[in-house]
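Trainee: First to last, the protein sequences are chains A and B.
Residue 26 in this note's numbering is what sits at position 23 of the first sequence, and the numbering runs on without skipping anything.
Residue 100 in this note's numbering is what sits at position 73 of the second sequence, and the numbering runs on without skipping anything.
Wrong hints could be hidden among the right ones.
To be verified - Here are some, though not all, of the chain B residues that point toward chain A, as calculated from beta-carbon distances under 10 Å: (1) 34; (2) 98; (3) 101; (4) 142; (5) 256; (6) 258; (7) 311; (8) 319.
Note that these hints are calculated values from the structure, not bench results.
C-beta: ideal position from N, C-alpha, C; glycine also.
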Amino acid sequence: MNAPLLSPFARLNRLVRRWGAHPEGRKHPAADTEVALLPLPPRLVLPLAQHVGAPARPIVSPGQRVQRGELLAVAQGTISAPIHAPTSGVVLGIGDAPTAHPAGLVAPAIILEADGADEPLPLEEAEPFALAPAEIARRVAAAGIVGMGGATFPAAVKLSLGQRRPIDTVILNGGECEPYLSCDDRLMRERADAVVDGARIIRHAMGAAIALIGVESNKPEAIAALRSAAKPFADVRVVPLPSRYPMGSAEQLIGWLTGREVPADGRSADVGVLVHNVGTAAAIQRAVRYGEPLTRRIVTVSGGALRTPRNLEVRIGTPASALIEFCGGIKAPVARYVMGGPMMGVALRSLDVPVVKGTSGILALLPSEVGGAEPGPCIRCASCVGACPIELMPLDMASFIRAGDLDAALRIGLKDCIGCGTCSYVCPSQIPLVQFFNHAKGELAARERERTKQETVRELVEARARRMEREAREKAEAAARRKAERERAKAAAAAAAKAAAVPVEAAPATATSAATAGAEEATA
Amino acid sequence: MNPMHCSPHAHGARPVGRVMQLVMLALTPATLAGFWLFGYPALYLWCVTVLACVAAEAVCLHFAARPTAPALGDGSAILTGWLLALSLPPWAPWWIGALGGAFAIIVAKHAFGGLGQNLFNPAMAARVMLLISFPVEMTQWLAPQPLAIDPANAWSALAVTFGAGMPDAVSSASLLGHVKTEASRGLSLAQSLPAQWNALTAGFGSRAGSLGETGAWLVAAGGVFLVLQRVIGLRIPVAFLAGVALPAVVASTLAPDHYLPASVHLLSGGVVLAAFFIATDYVTSPSTPSGQWIFGLVGGLLTWLIRTWGAFPEGVAFAVLLMNAATPLIDRVTRPRIYGRQRNGRSLGAARNG
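Modelling step: build the complete structure from the supplied sequences, incorporating the hints.
Mentor: This is the structure we're talking about:
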């Protein structure tokens, strides 16, 4: 089977549009050593919100004994994912735990004390290619798999969204364009068969013609391993990508591999493509073939201040400190601990923050690695314009935001910013451009909420006014009716009195009946 | 330690000061050639102009209550003075350099808000101000005399820059000025264009002209260095040179007697310096790729138009200023199409569905 052919125009476009940056890789020595298994920590902290969407709802109570793989919290709403026990032990409680948030916010989490036995629940195996697409999505949903590249979008939701539109190409994202990180690299080298199998399962589930695995060319061993694993299968192809940040962004990857452009208000499924990270594909393979929930992942532990950088396979919920300690601790003063990659990762306020499903790295960075000089004035060098992968003009957006003109920033594309940070990275004046944009996006979201709130209040007030008006009108109408009724009765009585001048005794009876009718009207 | 850190947690670009240093390095060969060709007065003028810019920068920063050290350290004021000096007649009196430098920094740069905020290229604004206000001093050219840099002349040269001014005996005319004067007397190019004009030798600077502009090949070499160092892009230089060369080729082919050939246009005056060092000024040129093409092409074309039909023999500075004024507009109308959207800002999906 042939890969989708790139048009000459798309090929030319790849040459002409030189977006992105080339940050120093710094993937070694972590990428050179095999993944080691981190020993089970005594206590695991499992945040309920490890994914995009609604947090999971806990179904266990303090003191409850659980086995490895047992369901601890269920998905809540359409976009959510369940959480399973990474080992056997006792639920200590559900309380606030530190999260990877720049301000050090806490969030609810299940605290699990490991008993060390690591007793598993029996798993339900299946033959993926005999399963219906919906059943595959169900098994992925039940396993709590989310995008493991860091986006943490529930994988099953992506699969079902994709099933609503015809998908011809499944793309596995093995770009790993963030510096330092090599967890996907090690996964592709050491478990190439699982990655390829995962690619084929997703391709099967989507009814796509082909699965492409895109890997940046700075990972030749991974490319070779995947190619040999994919050899027997005509429906999987491994495609080297240039090493460029942010090649791992879904839109850029789709553009590079297929020449298609995802509409601004659409998803990749709109152009017939579904993108999953290679780590997610491997997890999907475990879930669909062996019924295994997502309770562990590979994490790169690196940074100039770390003694022995390497990749570790870690239970979800392990505190960052345990990983650093296992890698020999730090050997120099640390400027910043980062969860994720240096380009989009989050600075940690505490090493108690646990590894979650989307944690690709824990970095201990030296002052010389983080940069961080005082920002200078913008000299309009347009480095950011050339680097922006979606062709925004970051310098103009930032000056609008600085001037408080969010609407102007919106007009020139603030909403389209993917927050990749390439503009900040290349700025010679070290202006924190992406921070401006994230701030402005937050401000806009707040404004939107405020607007919705005001709208609701306005609607309620208007509804009340309408109701009051209606009631007043009804009252007035009733009163008018009664009056008319009374007058009619009076007139009738007068007429009757005139007409019945001869039989005098009939008149009071008529008057009484008219009065009774009036009273009835009033009580009605 | 500031506990709030936002991504990215890495930084890759050259700091502004390093960019300025590279530009200065690229200007060095042409500048040294200028000193060698025009002697001590050129060196003195260069020093005065640069010092005037730095002093003006320090004064402005002081009155604006901004920190002086980082802004002076980035070298942008030195570079402004340097570029201005290169565009001046080499034996101009000291006050031309001092006044020009002060004007460039105070009026053209800080009145607009300082580094990054100025609408016009400071060096070119100062040059035009000087040219209009002091036409005599600004058009006093001299034939190069390579031996003038002899230390024995160092003292007597002081009199040229700081005293009596340029002796009439050494004055000469620049090629563009000469051709313009002769044309006004009704002479055709065949009569006025010196027979020995040769693109190869002229480009090394051995002719009358501004301090640092006559060595066009050396200026271009510095420019290519900047392109290779990725300090500047190729769009503006290529477009500017093409903007000058294309109309010159067409006109001189159609009427060789009336219009100078493209080679003379390209190597004379400030075209090469402008293409690589002036028009590429980050602050005053467009940020969008297509805007940079337009800026360069139209700037080059304006240069040719002014040289050919304007009152002044040289049009580079005027052309650059006119294009500087148009830059905000160019940036606005050439904003790139955003990924996933049509040019008008609507989503690609909306286009497909409707």
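Trainee: Which earlier hints turn out false for this structure, listed by number in ascending order?
Mentor: 5
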